[in-house]
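Colleague: Using the sequences and the hints given, assemble the complete structure.
Next come the chains, spelled out residue by residue.
Protein chains: 8
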Amino acid sequence: GRTGVPEVVWGLGKTPAQIASILQQIYDQSGLAMATRIAPDIAQEIQSKLAHCTYDALAEILLVGTPQVNHPGVVGVITAGTADQKVAQEVLVTLQYLGWRGQAFTDVGVAGIHRLLARWPEIQPCDVLIVVAGMEGALPSVVAGLSQVPVIGVPTSVGYGAQWQGLAPLLTMLNSCAPGVAVVNIDNGFGAAVLAGQILRVAARFAGGC
Amino acid sequence: GRTGVPEVVWGLGKTPAQIASILQQIYDQSGLAMATRIAPDIAQEIQSKLAHCTYDALAEILLVGTPQVNHPGVVGVITAGTADQKVAQEVLVTLQYLGWRGQAFTDVGVAGIHRLLARWPEIQPCDVLIVVAGMEGALPSVVAGLSQVPVIGVPTSVGYGAQWQGLAPLLTMLNSCAPGVAVVNIDNGFGAAVLAGQILRVAARFAGGC
Amino acid sequence: GRTGVPEVVWGLGKTPAQIASILQQIYDQSGLAMATRIAPDIAQEIQSKLAHCTYDALAEILLVGTPQVNHPGVVGVITAGTADQKVAQEVLVTLQYLGWRGQAFTDVGVAGIHRLLARWPEIQPCDVLIVVAGMEGALPSVVAGLSQVPVIGVPTSVGYGAQWQGLAPLLTMLNSCAPGVAVVNIDNGFGAAVLAGQILRVAARFAGGC
Amino acid sequence: GRTGVPEVVWGLGKTPAQIASILQQIYDQSGLAMATRIAPDIAQEIQSKLAHCTYDALAEILLVGTPQVNHPGVVGVITAGTADQKVAQEVLVTLQYLGWRGQAFTDVGVAGIHRLLARWPEIQPCDVLIVVAGMEGALPSVVAGLSQVPVIGVPTSVGYGAQWQGLAPLLTMLNSCAPGVAVVNIDNGFGAAVLAGQILRVAARFAGGC
Amino acid sequence: GRTGVPEVVWGLGKTPAQIASILQQIYDQSGLAMATRIAPDIAQEIQSKLAHCTYDALAEILLVGTPQVNHPGVVGVITAGTADQKVAQEVLVTLQYLGWRGQAFTDVGVAGIHRLLARWPEIQPCDVLIVVAGMEGALPSVVAGLSQVPVIGVPTSVGYGAQWQGLAPLLTMLNSCAPGVAVVNIDNGFGAAVLAGQILRVAARFAGGC
Amino acid sequence: GRTGVPEVVWGLGKTPAQIASILQQIYDQSGLAMATRIAPDIAQEIQSKLAHCTYDALAEILLVGTPQVNHPGVVGVITAGTADQKVAQEVLVTLQYLGWRGQAFTDVGVAGIHRLLARWPEIQPCDVLIVVAGMEGALPSVVAGLSQVPVIGVPTSVGYGAQWQGLAPLLTMLNSCAPGVAVVNIDNGFGAAVLAGQILRVAARFAGGC
Amino acid sequence: GRTGVPEVVWGLGKTPAQIASILQQIYDQSGLAMATRIAPDIAQEIQSKLAHCTYDALAEILLVGTPQVNHPGVVGVITAGTADQKVAQEVLVTLQYLGWRGQAFTDVGVAGIHRLLARWPEIQPCDVLIVVAGMEGALPSVVAGLSQVPVIGVPTSVGYGAQWQGLAPLLTMLNSCAPGVAVVNIDNGFGAAVLAGQILRVAARFAGGC
Amino acid sequence: GRTGVPEVVWGLGKTPAQIASILQQIYDQSGLAMATRIAPDIAQEIQSKLAHCTYDALAEILLVGTPQVNHPGVVGVITAGTADQKVAQEVLVTLQYLGWRGQAFTDVGVAGIHRLLARWPEIQPCDVLIVVAGMEGALPSVVAGLSQVPVIGVPTSVGYGAQWQGLAPLLTMLNSCAPGVAVVNIDNGFGAAVLAGQILRVAARFAGGC
Ligand SMILES: Nc1ncnc2c1ncn2[C@@H]1O[C@H](COP(=O)(O)O)[C@@H](O)[C@H]1O
Ligand SMILES: Nc1ncnc2c1ncn2[C@@H]1O[C@H](COP(=O)(O)O)[C@@H](O)[C@H]1O
Ligand SMILES: Nc1ncnc2c1ncn2[C@@H]1O[C@H](COP(=O)(O)O)[C@@H](O)[C@H]1O
Ligand SMILES: Nc1ncnc2c1ncn2[C@@H]1O[C@H](COP(=O)(O)O)[C@@H](O)[C@H]1O
Ligand SMILES: [Mg+2]
Ligand SMILES: [Mg+2]
Ligand SMILES: [Mg+2]
Ligand SMILES: [Mg+2]
Ligand SMILES: [Mg+2]
Ligand SMILES: [Mg+2]
Ligand SMILES: [Mg+2]
Ligand SMILES: [Mg+2]
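Protein chains in written order, with our numbering: chain A, 4 to 213; chain B, 4 to 213; chain C, 4 to 213; chain D, 4 to 213; chain E, 4 to 213; chain F, 4 to 213; chain G, 4 to 213; chain H, 4 to 213.
Calculated directly from the structure, the hints in this document are not laboratory data. Note that the coordinates shown come from a computational prediction; the quantities given were computed from them, not determined experimentally. Backbone N, C-alpha and C define an ideal beta-carbon position, used for all residues, glycine too. Errors might be hidden in some of the hints.
To be verified - Derived lysine-lysine pairs resembling DSBU-like cross-links, with alpha carbons at most 35 Å apart:
no., chain 1, residue 1, chain 2, residue 2
1, A, K89, A, K52
2, C, K89, C, K52
3, E, K89, G, K89
4, B, K89, H, K89
5, H, K89, H, K52
6, F, K89, F, K52
7, E, K52, E, K89
8, E, K89, C, K52
9, F, K89, D, K89
10, G, K89, E, K52
11, C, K89, A, K52
12, A, K89, G, K52
13, D, K89, F, K52
14, B, K89, D, K89
15, B, K52, B, K89
16, G, K89, A, K52
17, G, K89, G, K52
18, D, K89, D, K52
Stated by the list, open to error - Over the 10 Å line for every Cβ pair with chain D, so calculated as not near, a few chain C residues:
no., residue
19, P19
20, I29
21, L35
22, I45
23, A107
24, D110
25, F193
Modeller: Shown next as structure tokens:
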């Protein structure tokens, strides 16, 4: 599209038939299509109608066709807890769909800061960092304090009580004392991946590409 | 610093003496220093103590020394209303302090969409766009729908009633139907400029610089 | 009724038997009856008891009898996303029940402003505009900036995270920088249709009718 | 302007010099100009610079030039308490500026329902009703239940404690059990007047005018 | 008990066995027992274990034994919509359990003020009035403005969107412009009945009883 | 008035001239008048214009004429902290104005439960209890658990941080585990006194009076 | 671990297979493992795979191995209502897992203060007190006013309406007029037990242990 | 007092005369008195009336008499930013008043994690840690992850925009992924100090003291 982002179907509130038909249409035009927020049973129904269609059960994403990573740059995707993997996987599959390279760093939370520091040599070379965090969502502040590259914070709804479905980490990231954290909506792994891709596209353009 | 962002003093809750002394210290180390959120009377008091110190009354920023734009790339700074100029100026002065080029586009709001479209040819070549918006804060959605580059939304507290000191545009930007808008805190022009600079630094690195 | 609006049954929290009996009573008096917020299984149960009863599955509305459009004027009903169709359909069926003409304009969202502008020649002749919008709900601001006729904004609960079940677009519409947007409750397609009808009735009275 | 509403300056966050200069510019183009939210001392400063300029101290509005009521139709403006007069006056002056006829009905609150009923014969002939209400804001529900014409509710910040600066009447009006109440922002008398004018303009068009 | 209110079991979060055993214990001591918030299937399970046990399916209350009205005074229980009957019935059954006389007045809402006025001669003789109201909850304000006796407002969670599960009518009642409305928790018909009984007990004591 | 409550002027948002003139009017009709929420300087201005006018500086109430306690029954007014005295005094002066007898019990907070129990023999004979409480507002729960008479809770805005201007004690009182606490608006001593009077009036009527 | 707290698995959002495998791993290292927030059906599935595994159905906790109380000091765990037992049991099982002695005090709520006072001689010797309270959550204030030892408040989501899933008791405890109450997240019995253990560990260290 | 905490006067909402008289009274009984939240001008007025009275201008605390540190154990008080010093000082002066030893660790924030780690050898020996943090308030999570001793988090209102006067760090601390953080009210340095003292008193008792 005009904005440089291939179209993506948002699965919520659509029937399997509607989703299948839009996916088919996008696939016919571009050889690649994707739908997010697809529950397993809906996925199965759509897969039975649509060829070339694979389902990522963790991310709850349907892909039609085989995306290729064809851009330079690496997006690091950092998480602390097992429960945040779902959103992190939405990031990773979306990056792949859009043609960017993602690299996952798991189990590096704020409550065990030495684990994060131990892995920092691997994290540092990344060109953009996406930090997915539920509970209090403090990880982006720490990461942004360590890093020179843009940090995108994705608050998740993982937690309970006064976490209020992601309000707590959302406020945390908006108020980060390390300046310059880019915040997206709660559980919005998709949007974080799109933003990371836009950042790398600027870089590619500077470098003479895109 | 390690994170590539020169230190900046946050003026709120500090005495003029404290601010002057921290500015002096940073200036002595790096030949350049900056403090944000400085009310006019506080500024005057500090200027009487500190040499090489200029005050931007709209942005309420004190600069010590003369910053140079010494990086490639242009950050477009888009606003609709007169009342948002204050935050936009915080963006522009911070960009300048950090060595990035900013370009202001004013009076291009959502309620007069044709004015925005008329100026699009000038806006399009920018490498990053920062959209500063109060009231309902719908402008970043429209801009992100038109553009391929990263869009940073800065909600402002300009408005009244159910605007709730910036809550309305903050939620608007977080829920943008154009994916990939990077959101920062309410009235946080400083953070938006830092983020834009980090994005351009990635690009510069790709292009062989930084 | 005295207020010029035929009675309508609100289906939530009523048993099928209760709904059927109230519908029968209204139908017997006026030859036409309607109930909103009727889930499919409840609808089926009522239809098995009540003659002349049709169900609009998208709007989740039961109609008894056949309404006639018998008033002048056209209400444009504008939406961006597939998921907002449900509420838009509540608007359209209610307009029809009340005797007003509605015209749907779909897929014209804020993130693709050129699609909206392309269809503006069709939208402009409408006498009242109802804009149904979830996510960030920015569309009414843009539409009200383009139009001279009254614009009614219906925020929907379509979205997730910081959309908070419609809070985000509700605040957006209340703070519209284009003045004069009439806001109704979240997902309240019914109320928007009633309001549009009241506006057209004033016009009809001026023109010598009603 | 294109939207049929003459431009109006929003005084908050602008210097007297800025306001005076914009007013002058609008006045030079159209022979009439208006600025809202002008505190008394700011007003005095502007009046000393600008000819033909009158100040409505209750509404805190500056008018340049003499508006004429030149459209058919009457807008009833209903209030209960003395403290809501300020917002009601913003409605009345804006109506006048836009060329519409307003008629005030004061001291007809919900806690003394017989006073409202006693005045109903005078209220009924109005073509649009604007109800300005603070505290719990119940008046629009009652008025909309009595009337066939469009009712616009303006919640005000008048009250204390759990009124939360207008949140209470805002929610009240959005949830009105009498369907079809058009709600605008808290204290937004200006927006209510613009909306009423847009409604009457539709009517005038039907009747062959505008 | 010391506070003059017979014990009542709150059913939420308890197993049928726990509820049955507590009810048995209270019944053995006082010849009467009651449990609120009992879903139909739980009720059936308890009834199969406990003698003398009747279930009010609308109020979702279990009664053990047969209460007698044995105090002077009448509590009027006023509602507008069908959906509020559930909470009103919790009021009526609790009054009965506590030995007070309740009288129901239904379908007398704010949107049809003449129906309320028409029934006022029947309502006026009541000694205490409980007004149960969902949606915007404006009815207690109107009733308190008409009446000299204490008015207890019970906000209900009946509504949708910006009603926020009873927040809207709760705020409405707390901000009532008719002074002296006693507010209880959302959907708390039980508490309203207890309070009404306490008010009548004071009266009975003055009159030489209790 | 019809509702049995003499009229009272709410001072917020009115000019001294307006207040003086309304007070004069009420006083001329009934020989007694009262205005609440009158700041000291406004009071002085009004007193200079109006005869028979006394000012209670703690309650910020102006009284015109000399009220008489002429009804049976006693209202206990219970507070814990010094800072809540202001609202308690609004209760006491309003009771006096309405002709009811009030009795103050101070320094009996929840954090020193033995002080409350020590004074219980004095508190117990009261016919209605008003508990004024800021901070967490737990006192009404304890008092209602000890007493058989109606308990009215007045949450105050006394506190800081997560007290949120009275939200904390408001929620506390609405959720009291001792059933039947009547809650009024934050800092609404006036409303609590009116309600207490209405309760005692029922009692007086039963006893053959009023 | 480094922080002195053995690892504990948080069950929410993990598959039975994931939980079983992490538990096995911890158990193999330390001879003891625990997982919280395990629904009964998940528990059964895990127990079928894992030896030495017992399930506490009230606390919804899985224990692998047999913990020993091996530290001095007693933690009193105080509750008022039956519905809070679930969270209290999470406290007790966690204490046991960590090696601390817990003692339960049930049915001692704020609405029956004499029951609390009657049991005070048993409560007083405890070294730390954990107060678990839903509804309005006033109990920690009263307990902290009676006791010299640290009081930890655990707000629970038990209640309805304006209790807002634990918001009411959370605010109550944060604003306690008895100073020094330690507050943890809503329903966070686990965290309260960890904190109590940390407090006793300091004591043990002073006494020469740990 | 019974609870082992000497009385402390809360200065807000009291006149200088009231504060002076309560301080005198406490001092006469115990040879030591303290008042918090005393603005500089109020302090001066009180100091002119009261002997032995010193004012800590940063903490805004008045002390009468000379407190002695006479208990074992050390409380570490950790802060990141200059603006949080005010609350940290309230902690330190209160500790001193209560007889406990406090040790300040400043400028060790989350955005510069290496500074915190560098000072850890000094922090580790403390017996209790109080972490005072505004902005996003992430520091207690990191500290609790590093430490075995009890960590008390004090959220502060330092910040702007979506920090909402301390809401952001309050939620952060309640949701800490490092378990066992004790949270107190926003800006409540006093309460944190009292709690730390209570924890050390348990320890002292174990060790044979107190
Ligand atoms: N998980 C997601 N979160 C937010 N936006 C999404 C997501 N998946 C798809 N979208 C966006 O939703 C839009 C498509 O919406 P629709 O037309 O309703 O399918 C596209 O612009 C996508 O950018
Ligand atoms: N979907 C809807 N949203 C809001 N109000 C409705 C809706 N459908 C019906 N109503 C209103 O609900 C009232 C009927 O409520 P009831 O008496 O409970 O059936 C009528 O006055 C309608 O105006
Ligand atoms: N009191 C008011 N409330 C809301 N909007 C207003 C008000 N007064 C003027 N406006 C709008 O504010 C816009 C002008 O804003 P500005 O360019 O900042 O002066 C105009 O479009 C007006 O429609
Ligand atoms: N800064 C403070 N924050 C919270 N509570 C305080 C503070 N200063 C004193 N207090 C408490 O306030 C109570 C005294 O309140 P008062 O009787 O109004 O002076 C004492 O119990 C103190 O524990
Ligand atoms: Mg960084
Ligand atoms: Mg874009
Ligand atoms: Mg328009
Ligand atoms: Mg009507
Ligand atoms: Mg009344
Ligand atoms: Mg009681
Ligand atoms: Mg204590
Ligand atoms: Mg720790």
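Colleague: For the pair supplied as a hint, K89 (chain G) and K52 (chain E), is the alpha-carbon distance within the 35 Å limit?
Modeller: holds (25 Å)
Colleague: Take a quick look at whether K89 (chain G) and K52 (chain A) sit within 35 Å of each other, Cα to Cα.
Modeller: Answer violated: K89 (chain G) to K52 (chain A) is near 47 Å, above 35 Å.
Colleague: Check the hint pairing K52 (chain B) with K89 (chain B) against an upper bound of 35 Å on the C-alpha distance.
Modeller: holds (26 Å)
Colleague: Given the hinted pair K89 (chain D) and K52 (chain D), is their Cα-Cα distance within 35 Å?
Modeller: Distance ~26 Å between K89 (chain D) and K52 (chain D) Cα, so the pair holds.
Colleague: Classify the label on I29 (chain C) as holds or violated, using whether its beta-carbon is more than 10 Å from each beta-carbon of chain D.
Modeller: holds (15 Å)
Colleague: Take a quick look at whether K89 (chain H) and K52 (chain H) sit within 35 Å of each other, Cα to Cα.
Modeller: holds (26 Å)
Colleague: Is it the case that I45 (chain C) keeps its Cβ farther than 10 Å from each residue Cβ in chain D?
Modeller: holds (21 Å)
Colleague: Compute the least Cβ-Cβ separation between P19 (chain C) and chain D, then decide whether it is above 10 Å.
Modeller: holds (23 Å)
Colleague: Closest CB-CB distance from L35 (chain C) to chain D, is it above 10 Å?
Modeller: holds (17 Å)
Colleague: Does the claim that F193 (chain C) lies outside the interface with chain D hold up, using a Cβ gap greater than 10 Å?
Modeller: At roughly 6 Å from the nearest Cβ of chain D, F193 (chain C) sits no farther out than 10 Å, so the non-interface label is violated.
Colleague: If you draw a straight line from the CA of K89 (chain A) to the CA of K52 (chain A), is it 35 Å or shorter?
Modeller: holds (26 Å)
Colleague: For the pair supplied as a hint, K89 (chain D) and K52 (chain F), is the alpha-carbon distance within the 35 Å limit?
Modeller: Holds - the C-alpha atoms of K52 (chain F) and K89 (chain D) are around 25 Å apart, at most 35 Å.
When held up to the earlier numbered hints, the structure conflicts with 16 and 25 and fits the remainder.
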